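Student: Taken in sequence, the protein lines are chains A and B. Numbering follows the working numbering, with no gaps: position 107 of the first sequence is 107. Numbering follows the working numbering, with no gaps: position 278 of the second sequence is 278.
Be a bit skeptical, because a hint or two may be false.
[Unchecked claim] Capping the alpha-carbon separation at 20 Å, the derived lysine to aspartate or glutamate pairs in EDC-like fashion look like this:
1. B:K133 / B:D170
2. B:K133 / B:E121
3. A:K207 / B:D97
4. A:K215 / B:E244
5. B:K374 / A:D237
6. A:K213 / B:D359
7. B:K366 / A:E196
8. B:K133 / B:D359
No lab work stands behind these hints, which were simulated from the structure alone. This one's a predicted model, so the numbers in the text were calculated from it and none came from an experiment.
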Amino acid sequence: MSHDPLNVITLVSVGAHPVTGRARRAEQDARAVDLGLSLAGKELHLLHAGDPQAEALRAYLGMGLAEMTVLQQPPQADVLPALGNYLRHAGAQLVLTGSQAETGEGSGMLPYLLAEQLDWPLIVGLAEVESVTGGVAQVLQALPRGQRRRLQVRLPFVASVDNAAPEARQSAFGPARRGQLQQQEVAVVEDALLEEAQLQPARPRPKRLKVIKAKTGAERMKAATAKASAGGQVLTDMTPEQGAEAIFALLRGEDVLR
Amino acid sequence: MSDIIRRDPRSEWIARNRLHPLHASLQALGASWVGPSGLIRKNPHAVAFVGPNGLKRIDRSGAQQGGGGKRASISAAAQLPLHIIEQPSFHIVVVPDMVGGRLSSHDKDLLGLASMLAGSEGAVVAVVFGEHKESAFDTAGVDRLLHIQGEAFVGYTPEQRIMALRAVDDQLAPRHWLFPDSRTGGGELGRRLAAKLGERPATRVWQVADGQCIGRAGAGQQDLARRAPRLILAAAECADPVGETRHEVRAIELEGTLAHSLTRIDNLGAVAVDPALTPMAEAEFILSGGNGVRDWELFHQAAEVLGATEGASRVAVDDGFMPRDRQVGATGTWVTARVYLAVGISGAVQHLQGIATCDKVVAINKDPGCDMVKRADLAVIGDSTAILQALIERVSEYRQGDLRDVA
Ligand SMILES: Cc1cc2nc3c(=O)[nH]c(=O)nc-3n(C[C@H](O)[C@H](O)[C@H](O)COP(=O)(O)OP(=O)(O)OC[C@H]3O[C@@H](n4cnc5c(N)ncnc54)[C@H](O)[C@@H]3O)c2cc1C
Ligand SMILES: Nc1ncnc2c1ncn2[C@@H]1O[C@H](COP(=O)(O)O)[C@@H](O)[C@H]1O
């Protein structure tokens, strides 16, 4: 990997354990921290907007950082203006975030809104930064099904990290204790959404039933006896070459030959 | 059609078989009716049908078995009623993912939600970028199709697409924007548009009813209920797909030309990833071998040439030809490949369960009657070794042709 030292800021939030709901480091944010560490080493900055007393934040420091900045915000605040204002003057070249928070609304809108506010480009699903030369970064974007796409983007930019990024390193207890949470007082903006919307425990979603829309008995009979797939084309009595040609045509048509 | 009366033994047989699904469509109409005086009238000529031996027969059991001597054309697929919206009072715009150029099941659920929101007044508009292979927009519930084509929309071009969608927003001022909240495009495009328009979207929505919507929040342990906003990113199975009506799919155009935006993200193309390293459950293209593979060296070579992830049936694994973690099926991995190429696999239920969600199944098998051939969209009957060899040659040839084109 070849790049000049980068000024990277990773945004971190407080996560919740999927089973117990206990506060912990958020999975995707930890991956973003790991990626930031591989780019900027100890120079990585961590930023959180929220409660500076939150113990779960220390888990990020335990990944090998001495301090992080916390913009003090009450629980019901809209953190976007605070984060945007801070980042505008922080001189960062790359801002890393997770793609969805584990607590609160978790709409995954924060990186998009931040990029819009700063007027920076946004890379979704960052997997790896390959190189940074002359203010242009070459990065790999993770796609579904394990695929990767190479993109080129001008600094500074915002990038969100999802579960396809490399697994985050463990958090060590000692450094987590010793690390400093630097708190800053900033203006507070109330989030309007929570006035009209309510959070409630998740209801299990109804399972979709296979509904047979039949008006006559014969149609019902047909629906009950028909095979799931009506069966496709069957090629018999042909040379292997013709068979291979047919398969090849289908693979081309489905665009799976790369 | 000519008036020559031809016998059609198959339709006669169907007409006699009351359990056959097409039985009703072959019944002669007007065999009996209520006359002007109120008496029931019968046409004795229509009562009879032609039996298997060619003689006219009358069924006196009461079960009507007509069919007549003349061939009745079977219209198996009943035409669904056409839903026409001439002057829509509002628009619901859907931007489907179109994975592989077709509507995915997630897209269809979303179109179902859209036509629910549109009711009888509004029109459902689908915005499709670039080439597509879909032919069933009508039964999926698309009233208007806005097909946006051009160089600028090929491949991964989120910024240009957002420009186009903003133009759509100006032109139609849709009451709702619907996106699939998926990793294959909709989730990203919807959020980008939301940020651009300054609309706060509802995400991971799984139910919309009476102007309220419910979506998952946080890590999935909570729900967020709120008034349905203009922009909705909906999860799969958010509503039932359209099934009862056909829609017009009338083409509409974007007015004015799109301003070319300065692109800040350059797409340098897909990166070759080693298919052997992709987890099988996620792999897009799987070459799977079973007891009918005679030459395993050739099988591995084929997987490499095709760029496919390898899978296997249980027999191949038990016999030691493939590692255990490659087994597909009930006791192995449930795969979701778009294309599943099964070589010498008979298609036992335990195996078919594992590939239930695969899109296209191709079978290479010696036995035309086996279950895998019945499941397959394309089956080639013959010896696996010979066909694999021919396939390797064909694909290598294509790859070399490609290289020559580049040079
Ligand atoms: C509890 C239980 C769980 C199971 N779970 C699984 C599971 O998870 N996954 C799984 O795969 N199986 C599973 N099985 C096993 C399953 O029932 C079948 O035995 C197995 O799938 C058959 O594998 P096969 O198709 O490779 O072999 P076979 O059934 O022997 O089929 C071989 C096929 O190859 C064809 N053939 C032969 N020679 C050639 C040739 N030269 N060229 C082309 N075609 C040729 C034949 O026509 C035949 O169709 C399970 C069984 C049990 C009891
Ligand atoms: N209070 C916060 N402080 C810092 N970063 C945050 C905060 N909330 C969310 N983020 C970041 O934004 C990402 C997406 O959050 P969200 O849009 O809330 O789903 C998270 O993964 C975090 O990286």
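Student: All hints are to be evaluated individually against the structure, with a verdict given for each.
Tutor: A quick look at each hint next to the structure:
| no. | hint | in the structure |
| --- | --- | --- |
| 1 | B:K133 / B:D170 | violated (28 Å) |
| 2 | B:K133 / B:E121 | violated (29 Å) |
| 3 | A:K207 / B:D97 | violated (23 Å) |
| 4 | A:K215 / B:E244 | holds (12 Å) |
| 5 | B:K374 / A:D237 | holds (17 Å) |
| 6 | A:K213 / B:D359 | violated (23 Å) |
| 7 | B:K366 / A:E196 | violated (64 Å) |
| 8 | B:K133 / B:D359 | holds (14 Å) |
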